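Enquirer: Sequence:
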Amino acid sequence: MNRYFVNPGFIFSALSCLALAAVLSAVTVPSASADAAGGTAKGKIQYKDKTVDLKYAYIITGPDMFDPDQTETTIILSPTDLSDTIAKCESQSCAGGLTEGMTLSTEDFGGTVRVVYWVVTNDGLMQYSGNTDTSALTLTTDTPEKKAGKMSVDASAAEGPKIDVEFDAPLTKAFKE
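Residue numbers 1 to 177, in our numbering, belong to the letters of the sequence shown in order.
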């Protein structure tokens with residue numbers, strides 16, 4: 001007569017399944033949403049009486065509006081995750097349409113390269129556009145797929161923002177138009 005109410009093979013099999021589940025739950029698997037979240041930003045924008053804490057960084061590319069044969073690269077820095085918004089956009093202007101945060105790029109002003117930036121806060125009600133020399137932007141990584149570095153600007157004497165941010169931004173979307 002069999003004294004076991006449950007088959008010992010079944011108990012071993014169940015314990016094996018539990019052990020496998022514990023191992024699999026401990027393994028981190030990158031998800032599509034983690035990749036889509038863009039990169040990281042750490043720093044802030046202070047503009048008038050508002051402060052924006054920046055957390056996310058993205059790169060978008062597309063044809064330059066003045067010379068479609070050239071590619072324009074824009075870094076977007078935001079306090080909120082914009083990955084879904086950027087993914088749904090069909091144009092660069094849609095992707096850069098922030099209500100909090102900033103965009104930055106470099107532009108050639110007839111032989112002089114400048115850092116061009118746009119800051120927006122207070123749900124889009126306060127905006128400031130400016131440019132500064134390239135010493136304000138230090139890139140530690142500068143490839144088409146990734147830009148990482150630091151930007152520091154104090155335009156408060158001109159009633160502009162004070163910006164101090166470090167970022168690591170992957171290419172999030174390349175627009176065709």
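Possibly wrong hints are sitting among the right ones.
Straight-line C-alpha distance at most 25 angstroms; calculated DSS-like pairs for lysine-lysine [claimed, not checked]:
id	residue 1	residue 2
1	K88	K48
2	K42	K162
3	K176	K146
4	K55	K44
5	K50	K146
6	K88	K150
7	K44	K176
8	K88	K162
9	K162	K50
10	K146	K173
11	K150	K42
12	K162	K55
13	K176	K42
14	K162	K150
15	K48	K150
16	K150	K55
17	K173	K150
18	K50	K173
19	K173	K42
20	K48	K176
For each label pair, taking beta carbons as the anchor points, the in silico distance ranges come out as [claimed, not checked]:
id	residue 1	residue 2	range
21	A87	T40	32 to 40 angstroms
22	K146	D49	28 to 36 angstroms
23	D164	S129	17 to 25 angstroms
24	D84	E159	17 to 25 angstroms
These are calculated hints, taken from the structure and not from any lab test. These figures come from a predicted structure and were not determined experimentally. Cβ atoms here follow ideal geometry from the backbone N, Cα and C, with glycine treated the same way.
Enquirer: Hints first: check each against the structure and report whether it holds.
Expert: Checked hints:
no., hint, result
1, K88 / K48, "violated, 32 angstroms"
2, K42 / K162, "holds, 14 angstroms"
3, K176 / K146, "holds, 19 angstroms"
4, K55 / K44, "holds, 9 angstroms"
5, K50 / K146, "violated, 29 angstroms"
6, K88 / K150, "violated, 28 angstroms"
7, K44 / K176, "violated, 31 angstroms"
8, K88 / K162, "violated, 31 angstroms"
9, K162 / K50, "holds, 11 angstroms"
10, K146 / K173, "holds, 12 angstroms"
11, K150 / K42, "holds, 9 angstroms"
12, K162 / K55, "holds, 17 angstroms"
13, K176 / K42, "violated, 30 angstroms"
14, K162 / K150, "holds, 13 angstroms"
15, K48 / K150, "holds, 22 angstroms"
16, K150 / K55, "holds, 13 angstroms"
17, K173 / K150, "holds, 22 angstroms"
18, K50 / K173, "violated, 29 angstroms"
19, K173 / K42, "holds, 21 angstroms"
20, K48 / K176, "violated, 37 angstroms"
21, A87 / T40: 32 to 40 angstroms, "violated, 18 angstroms"
22, K146 / D49: 28 to 36 angstroms, "holds, 34 angstroms"
23, D164 / S129: 17 to 25 angstroms, "holds, 19 angstroms"
24, D84 / E159: 17 to 25 angstroms, "violated, 34 angstroms"
The structure fails hints 1, 5, 6, 7, 8, 13, 18, 20, 21, 24 (numbered hints given earlier, in ascending order).
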